[in-house]
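Chains as they are written, first to last, in my numbering: chain F, 1 to 292; chain P, 1 to 165.
Don't read these hints as lab results, they were simulated from the structure. All values reported here derive from a predicted model rather than from experimental measurement. Please note that a few of the clues may not be correct.
When the alpha-carbon atoms are kept at most 25 Å apart in a straight line, the in silico DSS-like pairs for lysine-lysine are as follows [said to hold, decoys possible]:
#: 1; chain 1: F; residue 1: Lys68; chain 2: P; residue 2: Lys133
#: 2; chain 1: F; residue 1: Lys111; chain 2: P; residue 2: Lys140
#: 3; chain 1: F; residue 1: Lys120; chain 2: P; residue 2: Lys112
#: 4; chain 1: P; residue 1: Lys133; chain 2: F; residue 2: Lys108
#: 5; chain 1: F; residue 1: Lys54; chain 2: P; residue 2: Lys152
#: 6; chain 1: F; residue 1: Lys111; chain 2: P; residue 2: Lys112
#: 7; chain 1: P; residue 1: Lys133; chain 2: F; residue 2: Lys282
#: 8; chain 1: P; residue 1: Lys140; chain 2: F; residue 2: Lys116
#: 9; chain 1: P; residue 1: Lys133; chain 2: F; residue 2: Lys268
#: 10; chain 1: P; residue 1: Lys152; chain 2: F; residue 2: Lys111
#: 11; chain 1: P; residue 1: Lys133; chain 2: F; residue 2: Lys54
Which chain P residues face chain F? A few, computed with CB under 8 Å, are given here [claimed, not checked]:
#: 12; residue: Gly30
#: 13; residue: Gln62
#: 14; residue: Thr141
C-beta atoms are modelled at their ideal positions from N, C-alpha and C, and glycine is treated no differently.
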Amino acid sequence: MDYDIFLGCVIPARLPFLEASSRKVFETLGIKLNDVDGFSCCPDPTGIELIDHKTWLTLGARNLSLSKNGNGGIISFCSGCVETLKGVNYSLNKDPSLLEEVNEHLSKIGKNYDGKTGVKHFTQVLYENLDKVKEKVVKPLTGFKVAVHYGCHYLRPSEFIQWDDPFNPYTIDEIVNAIGAESIDYENKIECCGNPVDKSDGDLSLLMIENKLKAIQNAGANCVALVCPACYQQFDFNQRELSKKEGVDFQIPVFYLSELVALAFGHKQENLGLNFHRVRPKGLLESLNFSN
Amino acid sequence: MSVINFDFRNEVLKHNASLSYCYQCSTCSGGCPVALLTEGMYNPRMIIEEAILGLQDKLVDQQIPNVWLCSTCQKCVELCPQRVELTEIFTLIKNRCFEESEVPPAFISQGKAIVDNGVAIPYSNSILSRRSKLGLPQVKTAPMEEIKQLLKETNFEYHITRRGE
Chain F
1 MDYDIFLGCV IPARLPFLEA SSRKVFETLG IKLNDVDGFS CCPDPTGIEL
51 IDHKTWLTLG ARNLSLSKNG NGGIISFCSG CVETLKGVNY SLNKDPSLLE
101 EVNEHLSKIG KNYDGKTGVK HFTQVLYENL DKVKEKVVKP LTGFKVAVHY
151 GCHYLRPSEF IQWDDPFNPY TIDEIVNAIG AESIDYENKI ECCGNPVDKS
201 DGDLSLLMIE NKLKAIQNAG ANCVALVCPA CYQQFDFNQR ELSKKEGVDF
251 QIPVFYLSEL VALAFGHKQE NLGLNFHRVR PKGLLESLNF SN
Chain P
1 MSVINFDFRN EVLKHNASLS YCYQCSTCSG GCPVALLTEG MYNPRMIIEE
51 AILGLQDKLV DQQIPNVWLC STCQKCVELC PQRVELTEIF TLIKNRCFEE
101 SEVPPAFISQ GKAIVDNGVA IPYSNSILSR RSKLGLPQVK TAPMEEIKQL
151 LKETNFEYHI TRRGE
């Protein structure tokens, strides 16, 4: 099984180190990812969709129409892109007149979408290959007490995400435990990180992430694992904001799930770009004998 | 004094017929993280009530409650016992705000980035060099003539540029 990678905007153009660890993990697993030219923004399900649904459907369908080589369809490292691409598929398949309208637009650029491209989150592919993931672990993450943050769009709306459980998710916890770390339960685990609200109310957005970080700290976790670049920015970038504005300094390192898996697979830290994290994971890694 | 606008109500129903199933139980607001933190200033149940009544002036012109505070966490959609697709209905209301009323500026900047670059975040030189240091391939994004054509087709470019003037 191979997949076409849909990179989106935030990961390749702002957080490329998250792309590096994700690619390395799939390399180690021997799952081939094809690069495809010509993708646009997915577009953002918390941005463009909200101001123009038809544009969202049209650009989304154009992107989906470009996947031809991957027999597993599209894989994305971003929950927002997955939400958009799955959501566009769902809408266009539910209402044939919409598909017709979108194809009318696409015909102007010589394209057509049949509504059939499959879409998977990279976490889903990891979970589906969990035995292989376990086999490849050379350095179990002993001592990592991980607060898993699922994020909203990895799970919901379940109507078309069709993966894991919208309120009692388990897939990321199982992956975290499979690589030798320990998933720590905490109070507001399935709540939103607050990132999308930042566009309309920055203070409210900060309050939402502060509440999550407090619960994570109270539960005794020593790091966070997540699978969405919007959540990543909210957790990693905003700890400094909270320290400046509210005087609360959490200093909880935030990992992409792919980074933790890559560490367990024995990849070198410098190749993963962990130094680009705003909350430096160096201290934690050294204390757990992960310095290389 | 609010004005009942049957055309608006029918437009919402046409976009998403699940609106008519709502019996105002407020399960949506009970599970909403933003309602919880704004002491009900943001209230999904009330947005749906106003949509049922066709109160376009409240929802689109005055934005009370402010539909833009929705975090799109989709909990309300999962929790609704009547399977009302609340966020789909909010999307229609926000789309109407985009066409004829106010929108938080961050949405317009993102829209402008798409009109100009086809992607929400253009590749800066420092990111390009960081990518090559990390051993990542160059990214070839969408040809701009294709994106421009599609954004003309959907009238998106018009609504973005008219706001920039």
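Now for the hints, and whether the structure bears them out:
Pair hint Lys68/F plus Lys133/P does not hold up; C-alpha atoms about 30 Å apart against a cutoff of 25 Å. The suggested pairing of Lys111/F with Lys140/P holds, with an alpha-carbon distance near 18 Å, which does not exceed 25 Å. In summary, the hint linking Lys120/F to Lys112/P is not supported, as the alpha carbons are separated by about 29 Å, beyond the 25 Å threshold. A hinted pair counts as satisfied when its Cα atoms are at most 25 Å apart, and Lys133/P with Lys108/F does not qualify at roughly 39 Å.
With a C-alpha separation of about 12 Å, the suggested pair Lys54/F and Lys152/P falls inside the 25 Å cut-off, and the hint holds. For the hint linking Lys111/F to Lys112/P, the alpha-carbon distance of about 24 Å falls within 25 Å, and the restraint holds. Straight-line distance between C-alpha atoms of Lys133/P and Lys282/F comes to about 20 Å, which keeps the hinted pair within the 25 Å bound. Between Lys140/P and Lys116/F the CA atoms are separated by roughly 24 Å; this keeps the pair inside 25 Å, and the hint holds.
For the given pair, Lys133/P sits about 14 Å from Lys268/F by alpha-carbon distance, which is consistent with the 25 Å threshold. Between Lys152/P and Lys111/F, the direct Cα distance comes to roughly 16 Å. Compliance with the 25 Å bound is thereby established for this hinted pair. Distance check on the hinted pair: Lys133/P and Lys54/F sit about 38 Å apart at the alpha-carbon level, beyond 25 Å; violated. Taken as an interface hint, Gly30/P does not check out: its beta carbon lies about 14 Å from the nearest beta carbon of chain F, beyond 8 Å.
Checking Gln62/P against chain F by beta carbon gives a least distance of about 15 Å; that is not within 8 Å, so the hint is violated. The criterion of a C-beta within 8 Å of any C-beta in chain F is met by Thr141/P, whose closest approach is roughly 6 Å, and the hint holds.
This entry does not satisfy hints 1, 3, 4, 11, 12 and 13, going by the numbered hints stated previously.
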